[in-house]
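Student: If you're matching them up, the sequences are chains A and B in order.
One point on numbering: in numbering that gives the first Met the number 0, the residue at position 190 of the first sequence is 189, and numbering is uninterrupted.
One point on numbering: in numbering that gives the first Met the number 0, the residue at position 49 of the second sequence is 48, and numbering is uninterrupted.
The set of hints was computed from the structure by calculation and includes no laboratory data.
The model shown is predicted, which means the values in this text are computed figures rather than measured ones.
Cβ atoms here follow ideal geometry from the backbone N, Cα and C, with glycine treated the same way.
Honestly, I wouldn't trust all of these hints.
As the list claims (entries may be wrong) - Simulated crosslink set (DSS-like; lysine-lysine; CA at most 30 angstroms straight-line): (1) A:41 to B:97; (2) B:97 to A:45; (3) B:97 to A:167.
Said to hold, decoys possible - Over 10 angstroms on every C-beta distance to chain A, these chain B residues come out as not near it, computed from the model: (4) 35; (5) 42; (6) 91; (7) 95.
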Amino acid sequence: MKLITRRWAVLGATAILAASITAGGVIAAQLTTFENPDRLAKAIEKDPLVLAADIPAAGGAARHSVLVQETSTGHICLWDVPSATPGLKQGGCNSADDPLAGRPLSVSFSYDGGPAMASVRDARLIGLTAANVASVEVVMNDGTRRPMRLEQARVGGAEYFAFGYRFKAGDLRRGIGPAAVVAFDDSGVEIDRQATGFTG
Amino acid sequence: MKRFAVVAVLLLVSLMVVSSAVAAIYAGPRQWYAGQTASTAFSPTWIRNAFSTYGSGFDKTVTFIDNVSYSWHNTVRNTSSWTETYAPYSPFRVITDKGHCKANVGYFWGSCSIY
Numbered sequence: 000m001k002l003i004t005r006r007w008a009v010l011g012a013t014a015i016l017a018a019s020i021t022a023g024g025v026i027a028a029q030l031t032t033f034e035n036p037d038r039l040a041k042a043i044e045k046d047p048l049v050l051a052a053d054i055p056a057a058g059g060a061a062r063h064s065v066l067v068q069e070t071s072t073g074h075i076c077l078w079d080v081p082s083a084t085p086g087l088k089q090g091g092c093n094s095a096d097d098p099l100a101g102r103p104l105s106v107s108f109s110y111d112g113g114p115a116m117a118s119v120r121d122a123r124l125i126g127l128t129a130a131n132v133a134s135v136e137v138v139m140n141d142g143t144r145r146p147m148r149l150e151q152a153r154v155g156g157a158e159y160f161a162f163g164y165r166f167k168a169g170d171l172r173r174g175i176g177p178a179a180v181v182a183f184d185d186s187g188v189e190i191d192r193q194a195t196g197f198t199g
Numbered sequence: 000m001k002r003f004a005v006v007a008v009l010l011l012v013s014l015m016v017v018s019s020a021v022a023a024i025y026a027g028p029r030q031w032y033a034g035q036t037a038s039t040a041f042s043p044t045w046i047r048n049a050f051s052t053y054g055s056g057f058d059k060t061v062t063f064i065d066n067v068s069y070s071w072h073n074t075v076r077n078t079s080s081w082t083e084t085y086a087p088y089s090p091f092r093v094i095t096d097k098g099h100c101k102a103n104v105g106y107f108w109g110s111c112s113i114y
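Construct the entire structure; sequences and hints are all you get.
Tutor: Structure below.
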């Protein structure tokens, strides 16, 4: 009886050991193949920011800035921040090897309120484009278009264009919001189109 | 027998330490499908909310949801490999909210973190 109990104990301990090693292996595999969030989060806090474009104050909403950040972790980030408090960042980062994720245009959409469009109080769009993009327009869900003003931006030794735009409060109140962002080359050919997914 | 027990306990403790080191992650790393969401508990202490993915090009949203109106605040939607926003702040009152993240497309590998 004592021998059987001992065997079960050894078997149980071995099972725990195997499970621990397997779990540890799984966690280690995830940590080595997946971006370490803490490392990038810390770099975002301390690495320098460069002004790329402005979003003027309007309708009681504060002025915002579009900032570019090259991080020590090998990322390029694009941020929409209140100009008075640039530490409050909204946006995102991509690998510095591919800051536009393989496309001519990378955009980030920020808003307060919602999720229904009628309750959105302030909505802004920021973006970075490749140098061969000549113009960018936002196609609204009523079919009208809003041209973006492109500003030259040098990022990671390469030329890009940056932009920032605040949607009119009146449009949002009437349920008119951005449906897609479209990029054109200098001959007017559409070279990228990205749906915002913002249906209210 | 005692050796097995000691080793097992030490391994479990080390696993718990590893878990606490990544405690800011509230969802994943895992495979996400379109429409899937995750949230933290409500707290007045959150500062930043981020959704990171393995690779870029995946449409996703991060936001904060307050515990009074359940309205969304400082929402960000993009396809970057790292999508981030900050918690709403008021000098006049304490805002209690929860971090919330949503995959607008599937399938991709990613995690949501709160700070």
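Student: All hints, please: hold or fail.
Tutor: Comparing the hints with the structure gives:
With a CA separation close to 21 angstroms, the supplied pair residue 41 of chain A and residue 97 of chain B stays within the 30 angstroms bound. Proposed proximity of residue 97 of chain B and residue 45 of chain A is supported: the alpha carbons are some 25 angstroms apart, at most 30 angstroms. Between residue 97 of chain B and residue 167 of chain A, the direct Cα distance comes to roughly 28 angstroms. Compliance with the 30 angstroms bound is thereby established for this hinted pair. Look at residue 35 of chain B: its CB is around 15 angstroms from the nearest CB on chain A, clear of 10 angstroms, so calling it non-interface holds up.
The Cβ of residue 42 of chain B lies farther than 10 angstroms from every Cβ of chain A, with a closest approach of about 18 angstroms, so its non-interface assignment holds. The Cβ of residue 91 of chain B sits about 16 angstroms from the closest Cβ of chain A, beyond the 10 angstroms cut-off, so the non-interface label holds. Against the 10 angstroms criterion, residue 95 of chain B stays outside the reach of chain A, whose nearest CB is about 17 angstroms from its own CB.
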